[in-house]
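J.: Single-letter residue listing:
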Amino acid sequence: MLDFMAIGNKIRDLRVEHRFSQDRIAEMLYVSRQAVSRWEMGQTLPSVDNLIELSKIFHLSFEEILCMNKVVTMDPSNLFLGHDRMFVVKKILDGSLKVNLPDVFYQFSNAERIIVLKAIENGTYRTDNNRLWVKLMPEEQKLLQKKDDEK
Amino acid sequence: MKISMMNMLPFLSDKELEELIKKVQESETGEFQGVSLGRVAPFLEEERANALFLAEIEKGGSFIALAPFVSDSLWPAIVEKYLAGNLKINLVPLLPFMDDGMIDELFAKVCDGALTSLDLLSILPFVKEDKVEEQFLTRLQNGQEITPFLPFVSEPCLHRLAEEYCGGKSEIEIDLMYPFMSESDIRMIFQYAMKETEPQEKKE
Chain P
0 MLDFMAIGNK
10 IRDLRVEHRF
20 SQDRIAEMLY
30 VSRQAVSRWE
40 MGQTLPSVDN
50 LIELSKIFHL
60 SFEEILCMNK
70 VVTMDPSNLF
80 LGHDRMFVVK
90 KILDGSLKVN
100 LPDVFYQFSN
110 AERIIVLKAI
120 ENGTYRTDNN
130 RLWVKLMPEE
140 QKLLQKKDDE
150 K
Chain S
0 MKISMMNMLP
10 FLSDKELEEL
20 IKKVQESETG
30 EFQGVSLGRV
40 APFLEEERAN
50 ALFLAEIEKG
60 GSFIALAPFV
70 SDSLWPAIVE
80 KYLAGNLKIN
90 LVPLLPFMDD
100 GMIDELFAKV
110 CDGALTSLDL
120 LSILPFVKED
130 KVEEQFLTRL
140 QNGQEITPFL
150 PFVSEPCLHR
160 LAEEYCGGKS
170 EIEIDLMYPF
180 MSESDIRMIF
190 QYAMKETEPQ
200 EKKE
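Protein sequence lines correspond, in order, to chains P and S. Following numbering that gives the first Met the number 0, the numbering of the first sequence begins with 0 at its first residue and continues without gaps. Following numbering that gives the first Met the number 0, the numbering of the second sequence begins with 0 at its first residue and continues without gaps.
There could be a bad hint or two in this list.
Coverage of chain S stretches by chain P, computed from C-beta distances (three or more under 8 Å per stretch; other residues unrestricted) [to be verified]: (1) 13 to 26; (2) 66 to 79; (3) 176 to 183.
Result set (BS3-like, lysine-lysine): computed pairs, CA atoms no more than 27 Å apart in a straight line [stated by the list, open to error]: (4) P:55 <-> S:168; (5) P:141 <-> S:168; (6) P:117 <-> S:168; (7) S:127 <-> P:90; (8) P:141 <-> S:194; (9) S:194 <-> P:69; (10) S:21 <-> P:141; (11) S:127 <-> P:141; (12) S:58 <-> P:141; (13) P:141 <-> S:22; (14) S:194 <-> P:117; (15) S:21 <-> P:90; (16) P:117 <-> S:127.
One-sided excerpt, in silico: chain S residues whose CB lies under 8 Å from chain P [what the hints assert, rightly or not]: (17) 41; (18) 112; (19) 150.
If you are wondering where the hints come from, they were derived from the structure by calculation, not from laboratory data. Quick caveat, the model's predicted, so the values are computed rather than measured. Backbone N, C-alpha and C define an ideal beta-carbon position, used for all residues, glycine too.
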């Protein structure tokens, strides 16, 4: 799972270290300065070709620019920082990202909460339901309860 | 001593609950002494919750909070009415309560462009992975927009595409996809792309 924010910081640090302006990088890669800015802010990632070019400019492997050698650390107080929100939700639900759901559930939007609850309801995601229960709105509790009622 | 209406809810009789519902409905804020319809709903019989929900939907009131308390048998008629254009409501908050069949029907219509009042991003989280991938691959083949689908496509599906790309199928929009792929697929793609650019540079 790529950490957009870490990659953006890496590109910015490398650019500054090599004393290039965003405009200069943009010129070298035939992209707009705004595109470079978006990479550095962790909003988007460079294309495959541009990343290969960046690795040549900075004399670094693509793995290093993509921070692939680093363990992705999620800030439990801001789980979604630097990531596509839905991608994070999906990773949590498929088990590849381990979180203590009841502790971080407040960070999820209403729609994301429902998606997670649906997965719990369907039995595709497991968490400590008792601890989660007290953090749910009555309508969210009902969503989980419905499944129990059916059983 | 101030008595909280909310705390009294479990002890109210049906008649008292009905009086409370009336007061909530008559209020401009949708609340009476801090109690909304959503807070009353857990204490209603399902049939009453159904009737209240339908009445609120008809008048464009606060039906969303009632949705978890209504019976599943209500949804097909609501979806049918919505698809016929006879229900002008925001369907998104109701999607979590619908079954897969209804979600599939809505999703198919959104993808066909037959249903424009519901956007793809809102319904995608509720669509089963196989349906998402089916539509994703069709769109990919037709050169249509695939970005909203990417967070919902499985790694095995993306892996197959990574393999196709590395097998020379250059029309695959790999730039959009690689951020959602596994690290091993990302390595494979970049190693392939670097190999592809090397001979050209040597020739030059």
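J.: Against the structure, test the hints numbered earlier, and report the numbers of the ones violated in rising order.
T.: The structure breaks hints 1, 5, 6, 8, 14, 15 and 18; every other hint is satisfied.
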